[in-house]
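Just so you know, the sequences run in chain order A and B. Numbered by the numbering used here, the letters in the first sequence go through residues 1 to 466 in order. Numbered by the numbering used here, the letters in the second sequence go through residues 1 to 451 in order.
Rather than coming from a laboratory, the hints here were simulated on the basis of the structure. The structure displayed is predicted, hence computed values, not measured ones.
DSS-like mimics (lysine-lysine), calculated; alpha carbons at most 25 Å apart, straight line: (1) B:Lys17 to A:Lys124; (2) B:Lys141 to A:Lys271; (3) A:Lys466 to B:Lys417; (4) B:Lys17 to A:Lys120.
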Amino acid sequence: MLDKQLVYDVLTAALSTGGDLAEIFMENTVKDSITMTNGLIEKANWGVDYGLGLRIITGTNAVYAYTNNTSRASLLKLASDAAQAVKTSLKGEINIKGVITLDRSERLRYADTIAIPPEKVVKKDIVERLRAASAASYAYDPLITQTANSYNAVTQDVFIANSNGLWAEDRRVRTRVFIESVATQGNEKQTGRETPGAKCGYELMDKIDVEQLGKNTAEIAVTMLKADYCPSGRMPVIIDNAFGGVIFHEACAHSLEATSIAKKASVFTDKLGERIAAPCVNAVDDGTLPGEWGSLNIDDEGGTIRRTTLIENGILKSYLVDYLNGLRMGVPSTGSGRRESYRFAPTSRMTNTYILNGSDTTDGIINDTPYGLYAKKMGGGSVDPASGDFNFAVLEGYLIRDGKIAEPVRGATLIGKGHEVLMNIDKVADNFDAAQGMCGSLSGSVPTNVGQPMIRVKELTVGGRK
Amino acid sequence: MTFQAFKTEIFAQAKTKGFTDCELFQSGGSSFSVRVFNGEITEYKNTSSEGVGFRGTYEGKVGYAYSEIMAPEIIDPLLSNAAANAGIIEEKEVETLYPGDEAYPEVNTFNPGLDDTDAAQKIEWALEMEKYAKSLDPRVKIADYCTVATGESFMSIANSYGLDLSHKNNMAMAYLVARVEEDGITKSASDFWTGRDFAEFDYKKTAEKAVNKALSYLGASSMESGDFPVAFDNESTRDLFQVFAGIFMAENGQKGFSMFNKDRLGEAIAAPHITLRDDGVCGYSLGSMAFDAEGVATQQKAVIENGVLKTLLYNIKSAAKDGVKSTGNASKIGHGGAITTNYTNLYLKPSQTSFGDLIKPITKGVLITEMAGLHSGANPVSGDFSFSADGFLIENGAVGRPIEQITVAGNFYELLKNIETVGSDLRFRSMGNGGMGMPSILVSALRISGL
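Just chain B, same shape as in the assembly (with noise of 0.2 Å):
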């Protein structure tokens, strides 16, 4: 069944059984990948999935059900359950589906010409990725993931009250995992690019960036613990607002998973040179959104400005709570989610400081380059947070040995307030829809347990 006919027939039939009003949401995309190791195709992959959500009032409350089966009879069964969780739902502020705005923004989140690119022409580049990586130090013995890959996504939201927004996204993708060796030591790291036009892909840079970061690592051992300056490069920097990103979002105060709450609106959390923007339509981005998943046109704002909480990430129920306008931060995961929050473009608004000068005043101190266990090792209701990292020493104000077998722990709150410089070196991440980018920054102090 189409979209079309199945959406015509749902909502024919949940107003007989007594619902309200009604939201289909579909989602689904197409990709392909190819990934390359020592020379062949490993694996070569080609996707396509849809699916649809359904939402819908029944007896005052909200419920959903989802299918990846779009034929006549999954109907009844997605009403029914629909009807069935709608009737256990308990919380006293319901979710109430969108009749849709006035105007959204305009964006281009499509190119056709990404098409043109045929699949002989990606695996060509994989391979000669790959190869151009082991050609560039003997001491590269391995790309472990080298892969080329296009995808493209589709959402449209369509409700009873006559909304009807649709949205499509394509993206093209490079990856490469370099594993280099000396002296018995192995070392690893990645790199990435991601764009809508080949034109401005080069597998040379992926791949010397990738290798030479490996490198970089070789001969890494751990350092003394103390308490000391602490650089996160651009790429480490966004892996810990990702962690924390949650404390922004309002729901989560509401419930009393975050520290932050309307209450604290105007309050200084963060230094005063930080602006932590929250952009719908957003220029470094490749996920520019013009509406959410309840079908609010997005906006820009910022989060934090100059130190200042601004506001909080809101979807319609959340703001309902606090007596405010959503903000257009809906967010579901797919057809098969419910409604919750999410940033739609979040990034810290960069300085003019190079990455250079940003270290430059730090006698002893440390640059954090890779951080693992992210979610095991983070507390996102406390802000406490003690990750596993590798890096480089700083000495005299620049970058010295490399240094692995060490932790860094803080709370993210305090952090925030201790972030002595903002660097330039944004760069983004964007995955579909939204994305999120972070410049380097300097804390004045956290703790480094090694040996």
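The following block holds chain A by itself, in its conformation from the complex (with noise of 0.2 Å):
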């Protein structure tokens, strides 16, 4: 995106008052967007988001500056102000690296094979398969009252570069779908919602059937509008696979991120080669996966993508590291360096995180279950990583008695503290499955798959309105 020249006067313009490495960030991407409401098209949109981040590390900290000028006059001016700030801020020692290795034989160069990539995509097309969907919902039961679908696609293409030698670029192309069905009674509204997606182009839409996801969501917002309030206490909860594993995202993984482990500020800090969940639990993050939503080429500061073993048979293995906090903890980059645009410095974040199957089985959980929750599926949640406290939402839920799903249960939230959950999980069973999400953090919204298999927790706090 940048020539040679112009990257090397930045990255030297950069280094001039001292500063370890200089790295360069710049993004060309394309979205497109297409909203219905109720079955009619209401919004599209289209457009191009296109700037440049620059970071100078000196020691462990760093200075970041972003425009979106990148006009070799206003990137000398950027590197040189940061510069700036290096020496009179950072207190930087000054250690002009004679030569940036820019020479380097190899290039990296990455790019997604796309089979149909978003600018091919005729609008109509979208506009015919998001209008089956709704007509689908609509179909399944006259309490459906409102729909809402839309279609997302994203073109990143990015250039990294930094001081050490790294040249690379990457051209990465997600697509997704969301459908959301609204089913009204009286004063009464709930909502059923499905939203897969994956890093690939339209081709999406053959692997999944909208009509079916439709039909599925127009399910459980008309069994969760007839289903009573959920009772509160603490209870035996299982949850189910997919979008369930957001227990494990929120209430575990969060605080295996470095941006809180090297400031000791995770319950999880100093803990690897400890027990930190039950034998049973086994975890990785992978963004190796080919196709999947939270997969990567290269990480957003050049690093390899790898599957880093987090927990194994309950034992702690690995942090999820980014090189900046690497430093500041003294441990190499685990490819986790992510950032939602040029407008962020990356921090270390998920990428397909995933609680690995076990030795149960989904029938053999539930028959073990005198009385409980069943939370089959989840809606979001969060986690404050200092004190691992969490909570989520449980968007299709029933009540477990004597050993069987009983009447479906609604306004569900589960709270506790992701360390005591880990250690209380019980069962996992052997139905992995994973679902998409977008994940907000310190460097932005970033796209993540969360996934795991039946999983059942001892007690948990279950808040209800009954």
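If you follow the hints, you should be able to join the two separate chains into one complex; please do so.
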């Protein structure tokens, strides 16, 4: 995206007052979105996000600057202003590096293999598919009063270079659809939602059945509309697969990010090699899975993507580490440096973060539970990494009575402390599945997969209105 | 290219391509922030960005496209995508561009003097704030986040009817998260300051508030489940209203995503002492606005007055659907967004009742000071909510021991009717354009789930 001489000059200007590493992250991102409300297309947008972020690391501190004026004059000014900040504020040692090595023969160039890139998609076809999903929702039950469906596609071209000789380019293409149904009775409304996405182009549509998804969301909304409020209190909770993995994402994996660990702000600080979960728990963060929503070819600081074992038989094996926090912790990056866009300095983030299959069966777990909550579909949640306190909503829930799935219940919230829940998982089934989400943190909102098989937590606080 | 040159060029090309009218919206800004950790500057950030959003009527429908590149070669893709996007719009009510109002309110949201404070001084304050926070009590371990920042933003709207408006705003901000530790238990709490004049900034106050709050949470435990009177402090009241503010937007009611619509105007929907205002120009806020994202002049208005629903919040399209005029509440998330609706400066009119008097009548109840899971725990359509919460017991009219690991659950529509008392302690949070401020409230009963 930038010529070599300009990259060289900008990095040189950035290090003119000292500093150990200078890094350029440049992107050109094209976004397409189409929104349908109640079966009619209401909004459509297209746009280009474009800009460059410059980071100078000195010691374990950083200066970050960005602009979307990428003219030579503007970038050189950006770099010299940032260098000035290094000198006056970070008290960097003046240690001008004579040579910035950009002549390394290997230039990394990645691009997803895309069958149908977003710019080749016929908008009318998107409209027809969204309409089919909406129609399937309405056809499911007369109680369905609203539908909301949308399509989003993103093509992000990034260029990353640094003064250690990194020169990498990557094209990331992602496509996602949102399918939502609302059921109404009197003043009561309930929502069902499915949001499949992948790191691919429009071929996603051949892998999903939008009509079936429309029907599924309608079924959830109607079931929950007829449900009574969830009883509150402490009880065993069975959390099913796919988006159920949000419990692990929120309650555990956020606290394994170096962002918290480097500051010793996490309950899992200094716990490597120790038991942090029940022996039946195995967990990984795997950004290498082809085509998965959270996957990457390289991370947002040019690091190699890998499969990181986080927990093995309950023992903590690794944190999720980006370059800068790695310096602070004295460990190498795990390829976890991510950012939403050039507007954010990268930090440690998840990719596809999963609890792996165990040896129990779904029937076995349910039959073994005399009374409890079965959280079939989870909503979103959040966590405070310092205390481990988490919360998340149950989108579709049922009570378990005498080892059988009984009546549906709504409005339940699960709260607890991440480290306690991990120790309290006593069953892990074998029906692993993944689901897509957008994860928000210091470096913005990035696509991540959550995933797990059905698990049971011995006891958890369930908040509800009864 | 400058905005003016880009505008002239794109308007000319749009006309030849068949757009019957068009608008160019520009937004951008610059910011400075410094974050310190353990006496060192851990992040120093200097940013500037801008972009343009194009909107134009093509074959009777409005299409959008935006770009952060302002160069001649982007004009063609902008126009062809906007035309294609217009082509698939199916809604009967169409967006229309606005020629402008005769007069706009005066606002002053820019202090040129804010720039006189140099980076070194802001760094100094951030370092001092962290140092001071740690000095306040041996149990303060770390300031997880300690930052001083300034920002400037601008926005312009110009259209082919000759509308040509612009606005700029600047602000300063300080924010501290204090982490305290006792007997292996960790608690954290934050406080912030926003202003337009550093003379009003006292880093000691911000540090003290965050630290005292965090310390007060030490020793927290859960409590028994049950229905209790619940007081929300001003910050958590604002969180609550932020989650459910969408129910007052007319477009949500029209699509069935809110229980409120024009048929309910005039109805008592809240306790009779409740007045909820949305003022474009607002003395409490740093974010006064003269015009909205469609170029309509903002207004001063009660949304709820003495418990009665007086108006919903409208943009041009939703107003046309209900046969009324826009209330100046069109909103756009920067140049990349489409027109939606938002509040300008929304606040519950404060009473004369101090916080102490607000909780005085409670024999046994709960004070909520922190809530989490605000988006996942709320159904913005039905009004149901269930949030993870922290706070304090209220016993015999006074604040008692800290509590944690509880959820507070209820329904926002019911809550509006069950607000027994509104406090006097309104606190505003402005974010550039617009903002929200709430006083503490006391709600007669909500479900608390704990042990």
